[in-house]
Amino acid sequence: MTKSMTNEKRRDFLKFSGVTAAMVASTGSLFAKTGAMKIENGKENYPNTTYTEEMYRNEFSFTRGKVEDTGFAYHCVNCQGNCAWEIWSHNGVVTRENQSARYPSINAAIPDFNPRGCNKGVQHSQVMYEKDRILYPMKRMGKRGEGKWKRVSWDDAATEVAQKIFDVMTDPKKGPDKLMVHAGTGLLTEGRRGGPLRFSTMLGANRIYPSSYLGDMFSGAAVAYGEGNVGCTYDFMYNVDTAVFWGGNPSVSRIPDAHYVWEGKYNGAKVIVITPEYNGSAKSADLWIPIKAGSDNILAASVIHEILASKMYKPEFMKIFTDLPFLVIKDSKKLLRRSDMEHAANEEDHEKFEEQFYTMNKTTGKPVLMPGTEGAGGKSIKLDDKGIDPELEGEWTVKLADGKSVVVTTAFEMLKANIAPFAPEKTQEVTGVHPDTVKQLAKDIALPKVVTITTGFSLNKYFNGIMSVWNISSICGLTGRLGPYGGLNTENEFQLSGMGALSGFGGKYNPRFGSGFVGEFVFGDGLKTFDKYFGDEDVKRAQNGMSKKEYMEIIKEMLALGKHGKGNDESKHGNVVKPWWEPEVCLVVADSKFRRNKGTDYREAFFKKISYFAYADYRMSETAVYSDLLLPAKSHYEVWDLRTSPGYHRFTNLAQPIANMKPVGEAMDEWSMMALIAKKLEEIANKPENVSKAKVKDDKKFAKPGFHDLTIAYKEFTNTDEESEAAMEPYLGTDKMALQAALDKCEQYSPWTIEKMYKAGGFLQINEKAGKMSPLYADRPYNTFENMLYKFERFETLSGRQTFYVDHDMYIRMGAHTNTGMEGIRPKDPKRYPFTLMTPHARWSIHSNYKASRTLQRLQRGVPYMQINRLVAEKKGIQDGDTIKVFNALGEFYVMAKVSSSCPPDGLVMEHGWEPYMYKFNRGHNECVPTSLNLLEMADGWGHLKFGGLWDGNQYAYDGAVNIEKA
Amino acid sequence: MSKRQLAMVMDLNKCIGCQTCTVACKTQWTNRNGREYMYWNNVETYPGDGYPKKWMELGGGFDAAGDLQEGIIPNIEADYGIPWDYNYDSLAEQNLIGNKADKDGYGVHGAEKAGLRPNVEPTWGPNWDEDEGKGNFPSDNYFFYLPRICNHCTNPGCLSACPRDAIFKREEDGVVLVDLDRCQGYRYCIAGCPYKKIYFNPKISKSEKCILCFPRIEQGLPPACAQQCVGRIRFVGFLDDEESQVYKLVKKYKVALPLRSDYGTQPNIYYIPPTEAPAKFDAEGRIIEGSQRIPMEELETLFGQEVHEVVKTLKGEMEKRKKTGESEILDLLISYKHSEMFRLDNNYYQEVAKAKGAHPLAPIDDRYVKGKNTTEITHFKAHA
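For the record, the sequence lines run as chains A and B.
Numbering-wise (this note's numbering), the first sequence opens with residue 1 and increments by one.
Numbering-wise (this note's numbering), the second sequence opens with residue 1001 and increments by one.
Careful: at least some of the hints might be erroneous.
[Said to hold, decoys possible] Just some of the chain A residues that point at chain B, by a computed CB distance under 10 Å:
(1) Arg858
(2) Gly877
(3) Asp880
Think of the hints as simulated: they come from the structure by calculation, not from any bench.
In this text, all values refer to a predicted model and were calculated from it rather than measured experimentally.
Even for Gly, the Cβ is constructed at its ideal location relative to N, Cα and C.
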């Protein structure tokens, strides 16, 4: 280390050194001095500014490039941010990205949405030319993961995939359901994603619901509202009185929108953050509630308790907008149905009667059918015009159609009974939250005018997370929160119509959807992992006293019923079970399955079932490493595309490549890729020896004609077959064609064109038709459920109202017929497993995307690292920077210890998304994460809880309890 | 003294620590040519050792008498951290599964060494102590983010320390630059800067530092760190422009304070101190109403005695806003339009260039160009 001279010494030194260099800098050399220059004071009148200034000016102009060459993009790697970026370039090479920041202000009194973006998007330019980029189609030569590849031509690669598809589909013992064509969430766009989806649907191939296997499905919200994606555009946060982030950390995982939270705070909002760790959002909150990991549903039950005890609920609201006044038979816990009270004349009526319910009318003193229920037919839930004034509390005896008398009460009474054990004083031990804090929280939620509760995606990743989100929904229901009054905020989604033109076939073919969480559970032999890790007491704790043995038997039965969709095929009243298939040949795009799935054995089990795995990605991800064939995909700055959903804002962003873009290897967009494979498939099918078997039979559910005709695969894919030509369907086959078709077909995009989007700054503003359950006003932030609140439109639920009561047999069995508290399944064994492994969404990556970025890793620790509480570390003799082993019965992995005051003593916090190949022994943290299925999410076939895009379930991520030691 | 001074204000309440600024700066200037280890913009978690490590203990700046203080030049490996690289190209070539794996690449362990690994063992970096903070969890632990760029001081320590007088302040806007023609790489500047915001470029053997993105500003674009800040915490403008947010926050309302003004360099980057943090908990886990999680002594160290007054003002404004819905200070900090956080006075730069006999550069953006000398934009149409 060098010490500087003092001021005086420096002046002495100066006397003989007043000379200048007049030549261009070259590496590390000294410079010839060609003349003397005397400088009195560099703070004024410096004579030689130009040399330096010009150098930096030139450097800037190089990175900026020609303004007219600018491209636009966003980063759609299962990031919900969706931000408009200018892409700068020089001679067809991307130099850097700079936010467009041109979104118009919708209201002068609300901050605008500029400049959307984050630390990850701002460096994609560095990643897209990285050496882990897949440049050419490559075929595996050695063992999986052995690093032996052969470059092949696109033609050969596409032919190979097409042949595999043809063979498996036309094998009389196999068929379309043995094929999986799936796009993962590494590609979430409105344009490009349509390519693989269209191909999958056309072939009758299997695919599974991503939000479910990611643990991102808002199942609890779906129970309550019949819709998981509810909530607001983020500018709504600016004008709320209380903003609760429950299991959420917007400053870290909602970076482009977080400013609304803190600007809202300046505007008077109280910001409450409920997370086990102290984090980037907690640090600026008004109230931080350090909850014990996974006990959220119990805290929420306690808040309900407090709202009930202090009578902070809103009875007039509850009577109209919730099922709380519905009558329940006290003994059986079943809702009182019209079919209990009346014999229907025919089967059709009986079905309707099964879905009609009663309330006790105060006006008449008699039970009366509620309007707007699923079986009632009407669309309105308005009561006053029908002379109905429901009782919320009480007990009555009613006579059923079979002559028996039963005691009935209200769902509200049942709720009160279920919630009674969860007084704040009694839950403190489990939640770690002081009763006074619970009471404060209840007041902050119940009393102000506008309150939002934003549920973090982490909540769904705990076993019984469904109950957390359902309970939080119920808090909102008791306190009258809909539309302008706030309420639950999971993740708003706007409505886009006409997009079926891209991925669908107007009903000719329908996608063979399998359950996401069950699909992956079966692929990975999840039950084996479950059995290995969880004990009887764990299952009993989490599943209302049910034994492990019984639980496993029930799960086995459910899985058997769901196999190949059997149970649903046999059902007359819609889906009753989570279906799954057993594909053998896979064509998968941008899906990080070997990084994401839990347990030690997923990959091994997967490849025991799969014979061929072709994979498209732009970089050598963990999944790419183990593939049979690699297809090089283009990345965000090389494509034409657009993106709308989800609805954090009202803008749809454009992807348009920079001018004269130099191609990156032989990367291809997903539409062109699928079109090429379709073309090869068509060629193969038209070979004389193949034609006879090229019409592949399938269930009419998936192929209306009863078959898939592979001899016209390319024509159908590109809409150049006779039928599509006649129907004037848009031509498809490249990313740009898809973008064009989306703009033409989707009415919410009207009247925008590519040119107009480019001119505006790389985006369009969706029109007023995009609002799903509320109007999308020109000058106001969006929040859901205004149509229910003001127009009395029914919710898409069995009751037509917000659901507090589910009388599904399994719910009754779990004691969860209405809101309750349920502990998690994570083993409670403080000696063996003292720490909860928490792996929240990351600041530094979008799942595994960008995790390997050099630019971003240098701002972290370069290797996987984990926060450990300062005092715990001290006790264990672990120092910051030490390598530690993390382990449990399932496996082990190694990380660098990051000693922190922000980490709870009973937890370990590690941002998720690390590729297993970044760890010692190439084994990632999911080695120690068990997998399980929750019976409340497995339950199916009830009202609005029938398998589909809104009702699947979640793969859990936070149920690993572990121990650590210094490695 | 420069004729005018550009300044920046950063609101620490709104800073979310996302480092978009850091990366925006990196891709704009420091991902190449010997600058790889430099972070002209960094965001550190305070309390913590910061970047470079323990920079506040490395001297430089001036004492009360105005004499330059001794300083220490940080070590690349120990104090800045070596910018490690990765073996990306070998991902498609190496055996990741070890020798005992089955045909599907499965074995109890994979290969011992991580497939993707840094080429040097990481021991320190610019954000090493991210989110760690200080105190006891959960009763009184705390942290906040402290983004730092060159302070473009009115009395720069680096400039005074340079034996070759190769550092200057631009007359037109006070941006501090190293004359790269003249710099000999002696590194006295690094010792002299108390913020350690000037760096040695080993490749060209000269010092380099944040240039406040003057080439962007001259063409109507705010500095990368500021324009691209998604937390919307950064305001840029001239301190003599009474319409500018920086003037209002620094001079009119006096709620923005320089960092470590006790170093005597008269910094021109100002901060809204972090007034917002959740209450502390007592031993039973009860909320201690009105408690201050971030100790005032810490804020005093960073921002001086004045911080007490500023915290009082800001808290008062928040109370006022809650009651009346009004507060001009909070209106400013909220910033309804992102583009209005910047007043870059483009006509002024055009005039400066003409006066120097240089060809004025055409602005490439019209949204941020307003200023004392640029009340109207005449040369092209403004966006609605």
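Results of checking the hints against the structure:
1. Arg858: Because about 5 Å separates Arg858(A) from the closest Cβ in chain B, which is inside the 10 Å limit, the hint holds.
2. Gly877: Since chain B brings no Cβ nearer than about 19 Å to Gly877(A), farther than 10 Å, the hint is violated.
3. Asp880: Status holds, d = 8 Å.
In this structure, only the earlier hint numbered 2 is contradicted, and the remaining ones agree with it.
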